[in-house]
Amino acid sequence: DVTEKKARPWIWREKLQARWRYVQALLCYLGPPSHLFWNILPMSAWVLAVTLGVIFFEKYTGRVLDPGNVSYRAYRSVQFVVSLLLSMRINRGVTRWWDARNGFRGAGSAVAALCYQCPVWGVDPAIHACIRKWGIAWHFALWAELNGDKRLDPRAEALFDEEGLRDYYSYSKGRHLCANMLRRLIQEAVEVHTGGMRQEMFTELQSSLQRGFDSMSQCNRISQQALPEALTMLSSGFLSIWLLVMPLGLWESSAGPVGAFVMMLVAVLMLACDELATQLENPRAWPEGLRWKLLPVEVTLQRT
Amino acid sequence: DVTEKKARPWIWREKLQARWRYVQALLCYLGPPSHLFWNILPMSAWVLAVTLGVIFFEKYTGRVLDPGNVSYRAYRSVQFVVSLLLSMRINRGVTRWWDARNGFRGAGSAVAALCYQCPVWGVDPAIHACIRKWGIAWHFALWAELNGDKRLDPRAEALFDEEGLRDYYSYSKGRHLCANMLRRLIQEAVEVHTGGMRQEMFTELQSSLQRGFDSMSQCNRISQQALPEALTMLSSGFLSIWLLVMPLGLWESSAGPVGAFVMMLVAVLMLACDELATQLENPRAWPEGLRWKLLPVEVTLQRT
Amino acid sequence: DVTEKKARPWIWREKLQARWRYVQALLCYLGPPSHLFWNILPMSAWVLAVTLGVIFFEKYTGRVLDPGNVSYRAYRSVQFVVSLLLSMRINRGVTRWWDARNGFRGAGSAVAALCYQCPVWGVDPAIHACIRKWGIAWHFALWAELNGDKRLDPRAEALFDEEGLRDYYSYSKGRHLCANMLRRLIQEAVEVHTGGMRQEMFTELQSSLQRGFDSMSQCNRISQQALPEALTMLSSGFLSIWLLVMPLGLWESSAGPVGAFVMMLVAVLMLACDELATQLENPRAWPEGLRWKLLPVEVTLQRT
Amino acid sequence: DVTEKKARPWIWREKLQARWRYVQALLCYLGPPSHLFWNILPMSAWVLAVTLGVIFFEKYTGRVLDPGNVSYRAYRSVQFVVSLLLSMRINRGVTRWWDARNGFRGAGSAVAALCYQCPVWGVDPAIHACIRKWGIAWHFALWAELNGDKRLDPRAEALFDEEGLRDYYSYSKGRHLCANMLRRLIQEAVEVHTGGMRQEMFTELQSSLQRGFDSMSQCNRISQQALPEALTMLSSGFLSIWLLVMPLGLWESSAGPVGAFVMMLVAVLMLACDELATQLENPRAWPEGLRWKLLPVEVTLQRT
Amino acid sequence: DVTEKKARPWIWREKLQARWRYVQALLCYLGPPSHLFWNILPMSAWVLAVTLGVIFFEKYTGRVLDPGNVSYRAYRSVQFVVSLLLSMRINRGVTRWWDARNGFRGAGSAVAALCYQCPVWGVDPAIHACIRKWGIAWHFALWAELNGDKRLDPRAEALFDEEGLRDYYSYSKGRHLCANMLRRLIQEAVEVHTGGMRQEMFTELQSSLQRGFDSMSQCNRISQQALPEALTMLSSGFLSIWLLVMPLGLWESSAGPVGAFVMMLVAVLMLACDELATQLENPRAWPEGLRWKLLPVEVTLQRT
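Protein chains in written order, with my numbering: chain A, 1 to 304; chain B, 1 to 304; chain C, 1 to 304; chain D, 1 to 304; chain E, 1 to 304.
The shape of chain A in the complex, shown without the other chains (with noise of 0.2 Å):
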C-alpha cells in the first residue's frame, strides 16, 4: 500500500529527507511501501522472454529482425504520449489521495467541533451526550463503509446498548442514519434552549454536522468511484504493447546480456509507474497497516 500515516517529524527527519533516501528508494521496489517489484513480475517476466526471444532468434539464425530500426524510430514518435499518460495518472492519484485523506480527517474534526461547540452553547447534557455518541459512531460507519466492513469497529460498537445495536444493523447505511440523528438532535438542543441566540447557535451547530457530511461525500465520492476504467486500460494496454514490440528494434545488429538487462530496467522502471498509479486510485487497497487510521474521536475530546 502506498500511503502514510501523519508525517512525525522523524519521519521526515529519517526516512523522507535522509541524505540516504536514494538507497531506500531503490528498495522501494523490493520492499514496503508498495512491493512494486513483486506486482509487476508477471508482466516483466512476459517482457523478459521477449527480449530473449528475439535476442536468441537473431543470434541463432542470424537474421536481424528489424534492420533498419524502423520500429525504434516508430515508438520514439509514440514515448510522449505513454509518458503523459502514466504522469497524469499517478497526478490525479495523487490528488484523489490527498482529497480522500483530508475528508476523512475533516469529518473527524468536524465531529469534533460539533463536540467542543456543545458546552460552550450551554447544551443541554443529556442531548450533549447524545450528540457525542451520534458523532463518534458517525466517524466509524465512515470508516466501516470505506473498509467493506458488515460491522463496525468493537470500539463503537460499545457505545450502544444491545437493542440499539440491533436497531442500529437494521438500516442498511449506517452512516446516514447516524447523520439524521445528529440533525434530530441538533434541532432538539434548539428548541429546549432558554437562552437568547437560538438562531446563532444553531448556524453553528448546523454548520459544523454539514462540515462533517461534505467531507464524508467526499472521501465517499473517491472510494465508490475509480478513474474511468478505458483510461487505466488504455494507459496498461498502450506501455505494454510498447514493451512489447521495443526489443524488436532497440539494437543495430544484436545485443547480448547488455540488450536483455537493459530492456529488463526499461519494463521494470515503467510499470512501477504504472502499478504506483493504480495503487494510489484505489482507497480500498491503501488498508494494510498504514492507511485510514481512526483516532476515536473520543481520544481527540479527552485530551483538551
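Some hints could be false.
Chain copies aren't distinguished; within one or between two, either way the pair holds.
Okay, derived cross-link-like pairs now, SDA-like style, lysine to any residue, Cα gap no bigger than 25 Å in a straight line [stated by the list, open to error]: (1) Lys173 to Pro119; (2) Lys150 to Tyr116; (3) Lys133 to Arg184; (4) Lys173 to Val120; (5) Lys133 to Leu26; (6) Lys173 to His128; (7) Lys150 to Phe261; (8) Lys133 to Gln218; (9) Lys59 to His35; (10) Lys150 to Ala18; (11) Lys173 to Gly122; (12) Lys150 to Lys173; (13) Lys59 to Ala49; (14) Lys173 to Pro125; (15) Lys133 to Ala45; (16) Lys150 to Glu58; (17) Lys59 to Val258; (18) Lys59 to Ala129; (19) Lys133 to Arg101; (20) Lys133 to Pro119; (21) Lys173 to Glu58; (22) Lys150 to Gln79; (23) Lys173 to Cys115; (24) Lys150 to Arg132.
Hint data in this document are derived by calculation from the structure and do not stem from the laboratory.
Assemble the complex: chain A is given as a structure, and chains B, C, D and E must be docked to it using the hints.
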C-alpha cells in the same frame, strides 16, 4: 462507452488491480468498455494503405522517396505538440466526466437530503409527500434530458395521475417545472409551520434544493456543451496528417513487412488516444450499459 | 471563429464523434470553423520562401550551409519549450472560453431564476413586470457590451418606451444601470410584501441577482483582459524564429521538393496551433455566426 | 514590463490578432512590452564568449574537445527538465498576474458597489459621503502600497483636509485604517437607519466590504510574496549551466560562424523565457507605463 | 531551506530580478538558500564512482561494455517519465509551500481582524482584552506546533500569569484550547451586548474566528501530511537507477575526463531538482533562518 458504474470492491480486485490486468488491457483495444479498435478502423486502414503504397512504390521503382529522411527529422519536431494536444484532450475529458458524474449523483443526494429533512422539521405529511414526489420526478427529468428522451422513465410516470402527467408534458422543460414546484412547496411548508425556528427550517430546506439545482446545472452544462470544436478538429487533423506523412521518411532505404506492421501499430496506439478523448467528452455517448445509472431516490430512502 | 453553439445530439453524432471526423478534421485547416490556413498564410509563405531560398542556394552554389547540422541539433533542444508554450496557451484559451461561455449562460439563468421566484413569493405584479423587463435588458446589455455594440438589440429596445430608451442611453454603462434598477426593485418588492418571511424572500431574490452579477463579471473580465501580451508575443516570436532558421540544418546535404513540402507542412501544423490559441483567447473574435448566441430570457420563460 | 492595460477592441484587432503579429513578435525581443533582449544581454554575451572560445580553441589547436559528443548526448537527457521548469515558472507567473490584476480590479468594483448600494438603502447622505471618501481612499491606499509609494496619489489626498491627511499618515498602514473606517461607517449607517430590513441592509453592505477586503488581500499577498527563491535560482542556474556547457559537444568536428550564430540564438530564445517568467512574477516590476492603471472609483461612479 | 521571507522591494531588485542573478543562481547549488550540492553529495559521489569505474574498466580491458549503446537508446525512452515525475513533485511542493504560507499568514490576519472588530462593535473592554490575549496565544500555539516546540514562545508566555500558564500546559493541544476560549468569549461578548444588532455582531466576530480556524487547519494539514511516500521513493529510486546505469552506454567507444565531468554534471543537475522537491515538501525543514517568521499580532495591532 467509457464509463463504469460504481467501483465495487470486487471490481477493484478483479479488474482494476488484478495482476493480469495487462492482458485485459490489451483486450480493451478490441472489446469493452471502449471498442477502440473498431472505431478507429477506417482511419487506421487509410494509414496502412498509404504505408503499403509507399513500400511498394519504393520496392518496384527502386527510388527512395525521402532519402535524407528529412520528413522524419521534421516530424520529430512536432511530435511533442501532438502528444500534448492528445494528453490535454484526455485530461479535460476525464475532468468533464468526473464533474458530470458527481453532478448527477449530487442531484440525487440533494433530493434524498430534502426528504430526510422533512420529518426532522415536522413538515406537514401531505406537503412531505408532494416534496417526495416532485423530488423523485426532478431526478428522472434530468435523466431524461441527459439521455435525450422525450418521455420520463415509467417509474417516474407512475408517480403522476393521468392529468398530472398531461400537465407535466405540456411544459417543454420538465426539469424547471419540478424545481419550481419544489421551491413553492418548501415555501408553503414553512408558512404553515407552527413550531418556532421557521427561518432555520427554510434555510435548511432551501439550501438542499439549491444544492440539487447547482448539481443539475453542472451536469447539464457539460452534456450540452462540447469542448471548442476547433480544438477537437485541430487535434484530430494534426494527428491524421502526421500519421499519413510519416511513412515517407520512417526508414532509411526500404522497409518490408516490419515497416507496415510498425506503422499500423503506431497509428492504432495514437488514434486510440484520440478516440478515448472523444468518447470521454460526450456524456451522451456514455450510455449503452453502464453509465448514468439512476438509483431512484425512493430506493435510497427505503434503505434507511 | 472557434466556438460552437450548444452541442445538440446530432452534432455529437454527425460531427464530433463521426467515424469520418478525420476527413472533416483535415478540412478544418481550410474551412470552418476556424479557417486556420488562411489566417496563417502570410507567415507560412514566408517560411516557404526561406526554405526555397536555402534549397536553391545550396543547389546552385554547391555549398551546404550547415554541414554539421549544428542548427538541427541545437533546435531540438528548444523544441520542448516552444511545444510547452503553445500547449499552455491553448490550454488557457480553452479555460477562458469555457469560463466566458458559462458566465454568459449563467447570467441568463440567473435572470430566469429571478423571474421564476417572483410568483412563488407573491411579488406585486407591477414590480414583477419591471423586474422582468430590466432583467431581460440586463442580459442584452451584457451582449451589446461583449459585441462592442453601441445600441441594444432591437428585441431589448422594444421593452422600453421612447423616453425610457433615451434615459437608458444617457448612461454610459447600461449594464450597471440595469443591475441597480433590479437591486432597487427587489428591495421595493420586499418592503411592500405583506406576507411573512420577508427576510427569506429578500435573501432568495438577492442571491439570484448576485449570481447574475458574478456571472457577468466573470464573462466581462475575460472579454476585457487578454493574457499578458508578452506571453503571446514571446510564444509567436519563438515559433517564428524557430521555423525560419530550421531549414538551415534540416537536411544533411541537399533536399529537393520533399524538403520544401515537409518544411511547409511543419510550418502549417505549428502555426495553426498558435492561431487556434489566439482565436480562443479573444471572446470578441468568436462572433461571426455561432458564438454568444443569446436566447432571450423571455423565450426561456415562455417555455415553462 | 509585461502587462497590458484593458484589451480594447482595436488592441485585439491590430495587435493581438493581426496577421502581421509575427513581425511584431520578433520585435518583442528588442522592444516593448518586454525588452527581453536587453535584459538578458549579459548572460547571452557570456554564452557567446564561451562558444567562440571553444570554436577558436578547436580551430587553432586542432583538438576536438568532446569528440564522442558525450556532452550533447547527456544534455539531451536533461533538456526536458529544464523545459518543464521554465514552463512551470511561466505558467505560475501568468496565474499570479491574472490573480493580482483581478484582485486589484475587484477591489475597485467592490468600492463602487458599496457606493451604489447606499442610495438604494437610503443611507444617510452624510454617512454616504464618508463611505464614498474612505472607499476611494482605500483603493488609492492599495495602489500606493503596491507601488511602494509613501504618499497617496494627489487625487486621493484631495479628499482629505489638512488635519485629516496628517491623521491619515500617522498610521503606518493606511489600507487597514480605511477598512476600519468603512466597517465603522457601515455599522453606523445601519444603526441610524429607521426603515425596516436593517439586517438585510447590513448583510448587503458588509458583504461588499468583505469582497473588497478579500480582493485586496489577494492582490497584496501576491505582491509581497515571490515564488520560492530556491525554485527561481535552480531554474536559472540549471539553464545557465546547460547553456554554458552545451557548446562543448554541439558539433561533431568543428563549427564555423554557423555554430556561434546558432548557439547565440538558442541562448536568446531560452533566456528570454526565463526573463519573461521573472518579469511576470513581480507585480512591482509591471509598473512603467501600463500596469495597475487605477481608474478612480469616482470616475466609475460619475458614468452611471 | 528553500523559503524566503516577505519579498521587499529591494529583494526583488537586487536578488530576484537583478541582471546578474545568473551568477547568483550558479551559487545556489553551493550556498544559500538551499545548499543543494552538499545535500546531494553522497549520491553524486556514487554516480561519479560508477562512471569512473566504467571508464577505467573500458580503458584497461579494452572492452566496450555496451558497444551498440543499447542502454543509451533505451534510457532515452524513459527520460520523459523521470522528468515529468520530478516536475510534478516540484510543482506540488510549490503549491504546498504557497498554501502553508498563506495559511499561516491568514491565521494572523484573522486574529488581527477579530481585534479590530471589537472596538467597532463596542465589545466590553475586559472581554476585548481577553480576546486579544487568547488570539495572540492562538497564533503562537500554531507556531509552536509547526516547529515541534513543546513550549510557547516567551513573548506568548508573557501573556499569562503563572497559574494560567500551568493551566495552558495541562492541555495537550494548546491550539484547540485557544480556539475554544475565543469561541466562548465571542459568545459572551454578544450576550452582554446591550446595543442592537446582536446577530450581525455575532456573525461578524464568528466569521473572523472561523477564517482563522480554517487557515490554521490548512497550514497544519500540510505540515502533518507528506505526499505519498511511495511517490517520493519511486521518483528518487527511478532517478538513481537511471543515473547509475547511464554511464554504461553514454559514449560510443571510450570517454576520457570529459565523460566523467559531463556525467557528474548531469547527476548534480538532476539530483538538485529531486532535493529541491524534497525540501519544498516539508514545512518543518523550512525553518533555519527565514521561514514561518511570526510577526506577533500585537505588533500589527500597534501599527494602526
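Structure-based check of all given hints:
In the homo-oligomer, the alpha carbons of Lys173 and Pro119 lie at most 25 Å apart only across protomers (18 Å), although the nearest pairing inside one protomer, at 30 Å, exceeds that limit. For the identical chains of this complex, Lys150 and Tyr116 are inter-copy neighbours only, at 24 Å across copies versus 30 Å inside a copy, given an alpha-carbon limit of 25 Å. For the homomeric pair Lys133 and Arg184, the shortest alpha-carbon distances inside one copy (14 Å) and between copies (23 Å) are both at most 25 Å. With identical chains, the CA atoms of Lys173 and Val120 are at most 25 Å apart between copies only, with a shortest distance of 18 Å across copies and 31 Å within one.
When the C-alpha separation of Lys133 and Leu26 is checked against a cutoff of 25 Å, the pair qualifies neither within a copy, at 46 Å, nor between copies, at 51 Å. Taking CA atoms no more than 25 Å apart as the test, Lys173 paired with His128 passes in both settings, with 24 Å inside one copy and 22 Å between copies. Neither within a single protomer nor between protomers do Lys150 and Phe261 lie at most 25 Å apart by alpha-carbon distance, with minima of 47 Å and 52 Å respectively. For the homomeric pair Lys133 and Gln218, the shortest alpha-carbon distance inside one copy (23 Å) is at most 25 Å, but the shortest distance between copies (27 Å) is not.
Taking the closest pair of Cα atoms, Lys59 and His35 never come within 25 Å of each other, the shortest separation being 35 Å inside a single copy and 39 Å across copies. For the homomeric pair Lys150 and Ala18, the shortest alpha-carbon distance between copies (24 Å) is at most 25 Å, but the shortest distance inside one copy (41 Å) is not. Only between protomers do Lys173 and Gly122 lie at most 25 Å apart by alpha-carbon distance; the minimum there is 22 Å, versus 31 Å within a single protomer. In the homo-oligomer, the alpha carbons of Lys150 and Lys173 lie at most 25 Å apart inside one protomer (10 Å), although the nearest pairing across protomers, at 34 Å, exceeds that limit.
Only within a single protomer do Lys59 and Ala49 lie at most 25 Å apart by alpha-carbon distance; the minimum there is 15 Å, versus 33 Å between protomers. In this homomeric assembly, Lys173 and Pro125 come within 25 Å of each other (Cα to Cα) only across copies, at 24 Å, whereas the closest approach inside a single copy is 28 Å. Taking the shortest alpha-carbon separations for Lys133 and Ala45, neither the intra-copy value of 53 Å nor the inter-copy value of 58 Å comes in at or below 25 Å. In this assembly of identical chains, Lys150 and Glu58 lie within 25 Å of each other by CA distance neither inside one copy nor across copies; the values are 57 Å within and 64 Å between.
Taking the shortest Cα distances, Lys59 and Val258 sit within 25 Å of each other both inside one copy (14 Å) and across copies (19 Å). For a Cα distance limit of 25 Å, the shortest separation of Lys59 from Ala129 qualifies neither inside one copy, at 79 Å, nor across copies, at 80 Å. Taking the shortest alpha-carbon separations for Lys133 and Arg101, only the intra-copy value of 23 Å comes in at or below 25 Å, while the best inter-copy value is 34 Å. When the C-alpha separation of Lys133 and Pro119 is checked against a cutoff of 25 Å, the pair qualifies both within a copy, at 15 Å, and between copies, at 22 Å.
Taking the shortest Cα distances, Lys173 and Glu58 never come within 25 Å of each other, neither inside one copy (62 Å) nor across copies (69 Å). Taking the shortest Cα distances, Lys150 and Gln79 never come within 25 Å of each other, neither inside one copy (45 Å) nor across copies (46 Å). For a Cα distance limit of 25 Å, the shortest separation of Lys173 from Cys115 qualifies both inside one copy, at 23 Å, and across copies, at 16 Å. For a Cα distance limit of 25 Å, the shortest separation of Lys150 from Arg132 inside one copy, 23 Å, qualifies, whereas the shortest one across copies, 30 Å, does not.
Checked against the numbered hints above, the structure breaks hints 5, 7, 9, 15, 16, 18, 21 and 22 and satisfies the rest.
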